[in-house]
Amino acid sequence: MILTVGLTGGIANGKSTVARLFATLGATAIDADQVVASLYRPGAAGHDALVREYGREIVRADGEIDRVKLADIAFATPESAQRLNALIHPLVIAEEHRLIDAVDDGIVVVEATLLLESGGRARYDKIVVVDLLPDVQVERAVVRGMGREDAVRRIARQMPREERLRYADYVIDNSGDARALEAAAGRVFDALKDDLETKKRLAV
12 MILTVGLTGG IANGKSTVAR LFATLGATAI DADQVVASLY RPGAAGHDAL VREYGREIVR
72 ADGEIDRVKL ADIAFATPES AQRLNALIHP LVIAEEHRLI DAVDDGIVVV EATLLLESGG
132 RARYDKIVVV DLLPDVQVER AVVRGMGRED AVRRIARQMP REERLRYADY VIDNSGDARA
192 LEAAAGRVFD ALKDDLETKK RLAV
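In terms of this note's numbering, the sequence shown opens at residue 12 and continues consecutively.
FYI, nobody ran anything at the bench for these hints, they're computed from the structure.
In this text the structure is predicted, and so the values were computed from the model without any measurement.
No false leads were slipped in.
Simulated pairs of lysine to any residue, SDA-like, Cα-Cα distance not exceeding 25 angstroms:
1) LYS80 / ASN96
2) LYS210 / ALA105
3) LYS80 / MET157
4) LYS80 / ILE104
5) LYS211 / ASP201
6) LYS204 / THR15
7) LYS211 / ASP180
8) LYS137 / ALA40
9) LYS210 / ALA195
10) LYS80 / GLY66
11) LYS137 / ILE41
12) LYS211 / ASP116
13) LYS204 / ASP112
14) LYS211 / MET12
Build out the structure end to end from the sequences listed, making use of the hints.
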């Protein structure tokens, strides 16, 4: 039996770090960004859907999707971003289900930025949110190389922090250092293991 966990948070919140920590503790981790990347490869369902929707102008000479051109078109307005999400999210969810179904036992963690925006609350047993104060989030995004205006714009287009936190079964505060994050992730993972054992007992 498995416990499915949706792991989310805003950009630069530390989701990938928490996913890696969970994996070292024994979870099976699935990165939605990697799933999207695989769907964008030539011959994959996402690649075909994008070319049908946006035309050959988003395809590079080597056949790969030009992610910069796609982003310029798809994220020009909130409406165009929704259009891309409506096109790709069903394909991503189907692939995530395939990967989850391949696991027989344990905790399966799916890391995704837009997990809640795409209806993820209903797809997982538990939701874990990695949280940061907005000002700190912007600063960390800038440190990673993102422009400040771009970071502010992207954060504004994501689910508001307060709403995201309302969906959370567990919140991991990432305002401290790496050691504090590791400790917080460990505590939440212990709780998730208890949740899995409870699920098993109730299934008997």
